[in-house]
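Asker: Protein chains in written order, with this note's numbering: chain C, 1 to 381; chain D, 1 to 82.
It is worth saying that the hints were derived from the structure and are not from the lab. Any given hint might turn out to be false.
Derived SDA-like pairs (lysine to any residue); straight-line CA-CA distance at most 25 Å [stated by the list, open to error]:
id: 1; chain 1: C; residue 1: K140; chain 2: D; residue 2: E59
id: 2; chain 1: C; residue 1: K178; chain 2: D; residue 2: D2
id: 3; chain 1: C; residue 1: K178; chain 2: D; residue 2: Y74
Residue-level listing of the chains:
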Amino acid sequence: MDFSWSPEQIALKKQVVDFAQRELNADVRQRDREGSFSPDLWRKCGAFGVLGWFMPKAYGGSGYDLLTTTLALEALGYGCRDNGLTFALNAQMWSTQPALLEHATEAQKQKYLPPLIRGEQIGAYAMTEPGSGSDAYSAKTTATKTESGYLLNGQKMLITFGPIADFAIIFASTDPTKGKWGLSVFIVEKGMPGFQQLPVQEKMGLRTVPIGQFVFENCFVPEENRIGAEGAGGSIFSSSQEYERACILASQIGAMEHQLETAIKYARERQQFGQPIGKFQAVSHRITEMKLRLELARLITYRAAWAKANGSSTMMDSALANLYLGDAFVESSMDAIKVHGGRGYLTEYEIERDLRDAVAGPVYGGTSDIQRNIIARFLGL
Amino acid sequence: MDIKEQIKQFIIVELAGQPGLALGNDDDLLLSGLVDSLGVVRLIGFLEEQTGVNIPPGEITIENFGTVNAMAAYLGAKVVSG
């Protein structure tokens, strides 16, 4: 493993930081307060190329390797103060797009990937249901075969972009007697009869990205909208999860670096008892822990990305990265508030928002408990 | 040891952790829960390492991996098609 960066990669990182700081930080507090998503910022990210970093040039992407993409996403998280936006970008990049790229037909790729990459359309990815979260494969949504396609019935919830997505990748059972092995994958487009996208659900953090529910009532989906073979849905989901778990939190590394720099600056400037608070070990050691978490988060993410890029199954590496980054951002966000004291608790200082956003990390893409289960199983326990 | 025996040994020892378990070539592995979803991931890694065959996720179905015989047939066809 060699994690040194080329001059081109370092230049890309700088370009991304500059872009994010210049274009993505307007009105973050207001959008967070209102819980509003900005289509304009989404399109700017598409035009800058963010959504295509890991996608082949044939579909309008840049064709970057996984490590370069991870570095660029880290830079995005450093420059962009809107964790909801970076989460949303990562969600589409590491769930919807890889599922299409790796498992869709060429015609499906040509139809759906270019507008996603340009930021002109938004794609959702729907597995979770009211009765199946951690036990994902017990999903109850069904897809009943008809002469020319399938009729979908059921519900999905906690879907990133659910209320506004132009289309969604849906996991539904074509044979409920087979559990995971009866799951199949379908593309459902906005406006298809029988497909309802319910309104935005309010949440604690990541408030600038909409999350919601789908309802399917005899929703007809044509045969050509199925991705992969009937019954391959469980394996497609497992495969996609490796990307999602390894990479979806990459931007949090950049956010943690920004958080660290902010805490250091404050600890050097803020005077109490006649000296900068950073001179007190209680404060300096807390910031040291933030630095340690940042560097470990970097290494564990780069390692997972490197392993995935080298073709092996990275189920355990991805679970390790997701588990560590999820918890690390929560802990460092709490430490940042403690360093800033009462100011850290005030919204106007933009410290507390990170904590509200960070709490999602140990919950989505598999809870931290599920990540521990996966790791334990791969250790033979 | 042929591939069927290797698969059975891996399942019995590594996944089930029951060295005395009797496992037939046509015994159901997936619907019975003997091999669960994480077990499948470990099994695929083992098969790719042992055979050098790349197994795309879209081909990991119950038809191809539901029994030892099904896996052996799938892998045999992959080797022939090269």
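Asker: State for each hint whether it applies.
Answerer: Hints, verified against the model:
For the suggested pair K140(C) and E59(D), the alpha carbons sit about 23 Å apart, so the restraint of at most 25 Å is met. Proximity of K178(C) to D2(D) is assessed by CA-CA distance (about 29 Å); at most 25 Å being required, the pair is judged violated. As the CA atoms of K178(C) and Y74(D) are separated by approximately 20 Å, the hinted pair is consistent with the 25 Å bound.
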